[in-house]
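Trainee: Sequence:
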Amino acid sequence: MNTHLIGTDVNRIDGPAKVSGAAKYAAEFFAPDMLYAVVVSGVIAHGEIDSIDTAAAMKVTGAVEVFSHKNRPHMAWFNKSYLDEDAPTDGKPLRPLYDEKIHHSGQPVALCVAETFEAARAMSRLVEVSYKALTHQTDMTFAVQEAKKVEKSNRAGIEPPPKNRGDSAQAYADAPVKLAKGYLSPTEIHNPIELFATTVVVNEDETMTIYDKTQSVSNSQLLVCNALGLSKDDVRVESPFVGGAFGSALRPQYQLILATMAAKALKRSVRLTLTRDQMFTLSHRPETLQEIRLGADTDGTLLAMHNESLQATSRYENYFEVIANWSGLSYLCENATMEEKTVSMDISTPGDMRAPGAVQGVWAIETAMDELAIATGRDPVDLRLQNYAEKDQNHGKKYSSKELKACYAQGAAMFRWNERKPTPRTERRGTALVGRGMAGGVWESPQMPASAKATLAPDGTLTIASGTADIGTGTYTVMAILAGEALGLPLAKVIVKLGDSELPVAPLEGGSWTVSSVGTAVTEACKAVAEKVFKLASGLGDSPLKHASFKDVEFVNERISLRGDATKFVTLAAALASGDGEPIAEKTKTGPNFLKQHGYKSYTHSAVFAEVEVDEDFGTVSVCRVVSAIAGGRIINHEAARSQILGGVVWGIGMALQEQAETDHQFGRIMNHNLAEYHVPVNADVHDIEVIFVKEEDDIVNPIGAKGLGEIGLVGVAAAIGNAIYNATGKRIRELPITLDKLI
1 MNTHLIGTDV NRIDGPAKVS GAAKYAAEFF APDMLYAVVV SGVIAHGEID SIDTAAAMKV
61 TGAVEVFSHK NRPHMAWFNK SYLDEDAPTD GKPLRPLYDE KIHHSGQPVA LCVAETFEAA
121 RAMSRLVEVS YKALTHQTDM TFAVQEAKKV EKSNRAGIEP PPKNRGDSAQ AYADAPVKLA
181 KGYLSPTEIH NPIELFATTV VVNEDETMTI YDKTQSVSNS QLLVCNALGL SKDDVRVESP
241 FVGGAFGSAL RPQYQLILAT MAAKALKRSV RLTLTRDQMF TLSHRPETLQ EIRLGADTDG
301 TLLAMHNESL QATSRYENYF EVIANWSGLS YLCENATMEE KTVSMDISTP GDMRAPGAVQ
361 GVWAIETAMD ELAIATGRDP VDLRLQNYAE KDQNHGKKYS SKELKACYAQ GAAMFRWNER
421 KPTPRTERRG TALVGRGMAG GVWESPQMPA SAKATLAPDG TLTIASGTAD IGTGTYTVMA
481 ILAGEALGLP LAKVIVKLGD SELPVAPLEG GSWTVSSVGT AVTEACKAVA EKVFKLASGL
541 GDSPLKHASF KDVEFVNERI SLRGDATKFV TLAAALASGD GEPIAEKTKT GPNFLKQHGY
601 KSYTHSAVFA EVEVDEDFGT VSVCRVVSAI AGGRIINHEA ARSQILGGVV WGIGMALQEQ
661 AETDHQFGRI MNHNLAEYHV PVNADVHDIE VIFVKEEDDI VNPIGAKGLG EIGLVGVAAA
721 IGNAIYNATG KRIRELPITL DKLI
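Mapping of the sequence shown onto this note's numbering: residues 1 to 744, in sequence order.
Read the hints as simulated data drawn from the structure, not as lab findings.
Backbone N, C-alpha and C define an ideal beta-carbon position, used for all residues, glycine too.
Zero decoy hints are in this set.
Derived DEER-like restraints, expressed as beta-carbon distance ranges:
1. 385 with 135: 46 to 54 Å
2. 671 with 144: 16 to 24 Å
3. 428 with 144: 34 to 42 Å
4. 391 with 176: 21 to 29 Å
5. 593 with 674: 41 to 49 Å
The calculated DSSO-like cross-link candidates involving lysine-lysine, where the alpha carbons are at most 27 Å apart (straight line), are:
6. 163 with 148
7. 80 with 149
8. 341 with 152
9. 178 with 742
10. 497 with 18
Sequences and hints are given; from them, build the entire structure.
Mentor: Okay, structure coming up:
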């Protein structure tokens, strides 16, 4: 029975519940008196509701109510009441059914409630809404003249552009080699398989238990309480399992307020599930345009760098992501200017989507660096090593650790980069042109304040509790591994409870900070329990640990043993038996060690290598092989970590070749609003993927030395594929996705 599990392959402890159907998601909870709700979506992009006729809808058998802005229950009217933990502070958050104003196509305009889902759906088709349409703008090409410069942060954790370094304009003018190009990335939709849903169960005492699809139960609780005037004591939010979110559930979506509003008004339980079409009316990755200028010496040494990034946002909220900053961060350059601008349009507010800002920013700069390598006759890996930065260029701080050079070396070796032919169109397989490309990747590694509770029962069963979510990334298992390691317990004796607002508060589950943040809290809580157990063990009459201190022992295989002499031990069972028969519980709150981390910045890094085949006649692209080398600190669960990188690479294939929300600007509406026409990679698109975890030790980033892996697997993949396509065809495509029409 080995309890040393960190860094090994561990199957998910929640796997059996998921494959057997025992795991319940937000739309699978039930109440005997439950009503069903369906949203009526608006069909114009900008204007006002003129009238709503619900007479026909209310004649449907089983109809209960149609809510609109005309008859909705009371809602808060202060903007701050609708600000969740991830909301931008500029603008006015969307208030569903608040008034007659229409801000974007698909905005909810009514809510039909009935005794059955079928009746509610029938009602939604009979609600007649007339509008006063105003001129809308959803095409960023024509909206850029109204771009606004970003000068300060308006969301927690989102940095404004850094101060200029040197004189990039003059350095560019004087540079022997100049590169000035524009890079366009489209709107992308999260499309998790689980639809957004909320089930509100009204209890006998009129308190509510809300089952919500969310990446933060505390955030959902905060929003509904503030918006609807509810007390936190009367609202419990649970989300034990989330069927994918990718950032779309960091902010509570509109079905949460609508379902809770209906349940409060009708004093009955309500379930509301959005349709796949409606999933295209909320959070999305923003469209971006980056103008990059690189000035270099003839040997490829960077002399000047300028990235002006424009990104789309809604008119009602000024949402922005860190896009240009990644250019300024990554490479040594004394003269650099980073600018961020937002372009307001009649669309829904964008939202965080796996590696927000970094995937667009890194794609552009890594493509530009490949172009610079071609212009200066340098190998792309050698060019990056020549401009390698040992410090975070934006902040002038040391890295807590950076093994990117090892990523380049190990990735190149496994990929056989030395076999690459630098001249385009020189390697073929049948009718296909073969190309190889690479790119670097980077993502931040923050630690957030987090709380956790550890409870060790007299029978040796350990329960870990935290309000954080598991969005499919394996959080249950990682927390069990950390807890079991701290107390020497097998996973079978560790119970993990997550996703409940009554559990200790945790940060939003996003940003690749969950393991570093919640994992540290769990480890510290278990350490506090372990100290109490050690006290019991050392207090036994014949204890071989009587003269030892806590730092002299280790917890392994349900024993407390002297380090270096495993023959001297006390079993966990014996120590617990000597206690008072009550569980030993400890709750801890942890956060960044600012004193230790002063002067440092922490990031994960990657090197991605890709091989493609491009059919010369038809322009179709096949990604044959990808090698992704990751420097992500201490790997807790190797199996889950590899799975995260594999998923990121697959997404990167989609970003490079397929994903794009197509908007009909005449109507201001996304047209490919389903999984049939919004293309993502399928089995036939995915071939060989190899993952390397480069050894990286970091005792500064957090006490457990772990960095996040959710985002870094995606960052850099699209650039590597695009660079490989250039190597195959000699055509540089600077607009994603790279589709066959752009190649032929």
